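**Q** This is what each chain is made of:
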Amino acid sequence: MHDLLLGTQPLTTAAWLSLFTHFLVLSLLAVGGAITTVPDMQRFVVKEQGWITDAQFTASVALAQAAPGPNVLFVAVIGFNVGGLSGVVATMAGTLLPSTTLAMAATRLSSQHQDARWMRAFTTGLAPMTIGLLAATSWILLGPTRTEWTAIALALGTLVFMLRTKWSPLWPIAVGAVAGALGWV
Amino acid sequence: MPEVDAPLERPASLRAMFMAFTRLAMQGFGGVLPVAQRELVERQRWMTRAQFLEMLSVAQVLPGPNIVNMALMIGDRFFGWRGALTAVTGILLAPLIVVLVLAVIAQQTQGVRGIEGALRGMGVVASGLILSTAWKLASGLGKNAMGRPLCAALMLLTLLAIGWLRWPLVWVVLGLGAVGMALAWRKLR
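Residue numbers (the numbering used here), protein chains in the order written: chain A, 2 to 186; chain B, 102 to 290.
No wet-lab data here; the hints were simulated from the structure.
None of these values were measured; they are calculated from a predicted model.
Glycine included, C-beta positions come from ideal geometry on N, C-alpha and C.
Be careful, since some hints might not be right.
Here are some of the chain A residues that sit facing chain B, going by a computed Cβ distance under 10 angstroms [to be verified]: (1) LEU5; (2) LEU29; (3) LEU64; (4) LEU86; (5) MET93; (6) THR151; (7) MET163; (8) LYS167; (9) ALA178; (10) LEU183.
Listed next, the stretches of chain B that the computed footprint assigns to chain A, with coverage defined by at least 3 CB atoms under 8 angstroms from CB atoms of chain A [unchecked claim]: (11) 173-183; (12) 220-230.
Only chain B is shown next, with the shape it has when bound in the complex (with noise of 0.2 angstroms):
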């Protein structure tokens, strides 16, 4: 894995951030997170790999879609509320079509299996992908103030409370977010 050490870039303008959130949501299958952190840390540069954990921490703990979310702040940092609007158009408008269209086509081809096939084996895929993200954005841990072995254990306890023992997630935030958020407290100081 490549670190990124040269300096930050910013978007050129609402139209190049627009073409950018559009070209990293038409990449992202079963999910735009993976393709959003290669796009914005390693290919665009408009943010460390650090930022970009930290906003998705906060973007994750707000309700509503996440990756959304994630690009209405990054719009909204560069170019305020006009950048915002146009980050969340960005992501959302162009697969907007294209699902739709999707689903014209999906109501008149009913029970085809090789197209049934074909989504399952893309949904293993993207299982794949997800795991991916974690993986990298995991290597940020090392900088994280809580240190390695209590990042470690948090994030354990997140995967088998969620994954495992299927406990809502409303419990879960509430539960560890307070501890981690209340050991962190006490490292920051």
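One chain only, chain A, in its complex shape (with noise of 0.2 angstroms):
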């Protein structure tokens, strides 16, 4: 029970107030949305506290990305590993306080600004980019595994399963696991 709550190797209140302030500043920076900080949460966590080993870090990550819900969940996982329950407070509560302050705030000046030219310059000029993100995301996701004809091929499908049918993108998913499992892509 002590190891769930608190981690392995409990962490100093010292410590899990640097944990908490980082992801807090790092917060901030997610322009693209948390997966962009990963980098810098790496060189923290691993590389200049050593808290986690770099193995740990990677399969944090992954775990995060195969599991239902939102990607920034991956930082619970992260904070799950430094320092049990206490460490998943300090790195949702870090990544979560200043971006919905921010995001609050911006979307009761929107709703206010609505018609105002200024704002629909901002959201029409920043929809191409949204869709060249996304499409990005699906390029860089498709890294490890984009010289196999076997991946394309999965993902191709998965496209047009999800444009010509209403399914749930579950069964996709439940064919990309057992391709895996069977160790075809």
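Once you've looked at the hints, go ahead and assemble the two chains, each given alone in its own frame, into the complex.
**A** So this is what it looks like as structure tokens:
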């Protein structure tokens, strides 16, 4: 129980605070979503503090990607591996507090000025970039398997499935899990 | 792709909204965005595809997790700050519990080959899912004031800079984003 709450090597209060503060700062730098701050998180918790190994860090990100829910939950898994549930509180609160406060302010501003020309220019001008960023994310996620034709076929098959049917994405995910477990991709 | 022409709906209560966000979060493997588009636009019909894209554009430029920012904005739009809190809790709580249980299991099954392969296969599918979201949202660009050629150019330059050249996002947003906004400003008048 103690392990679950505080991790196998409990953080000191000062270490907990530095974990929290670091994620607090990264939250404000995560302009393209939390995943863009991964390199700096790795530098801090693995290289600088030595709280977890590089393998543990990579496994944390992979695990959260395979689980349901927002990608940002990889932050919780890193926190858990660093300091149990107290680590989860540090990394999740650090990641969410500044960004949600800012988003709340921005949404009030945007609904008050929805018809203002600058507001429409903001959203109209950034829409194509948003789609470009999604396409880039898709490309980067395929990074480890991009050279295998089976992986490309599976990714394109998923695309066609999602465009042609109204079925849940859980179906292609199940196919991917089985194909991967059998060593086909 | 069916166009949604019927009038929009709104969530019946905070509880209904909490359940809707939990439901979409629990379906989202490798990112919730594709599911969010399907659930919020096509299934619940709380917003049009164009509204979804505009909100996503704002959420994407704000720091922090895009989908959490979006949940917050949608919750706030319907029920104020209580709605924002409800939507964010709804999208995070259940998957947080699941992922922590998985983290405990993972600590105990390190090095099992079948499990590593399954994770790899699911990563490939996640890539296809995000591409399908991009594809569907791209159809919303037809109504963009900048016109198709400019939109296509901005989209491709972003893909090139981030996906291939791997430039830091901050410079891409400040550079291409500013160009896009300036062009839109001129076209909108």
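**Q** Hints the structure violates: just list their numbers, smallest first.
**A** none
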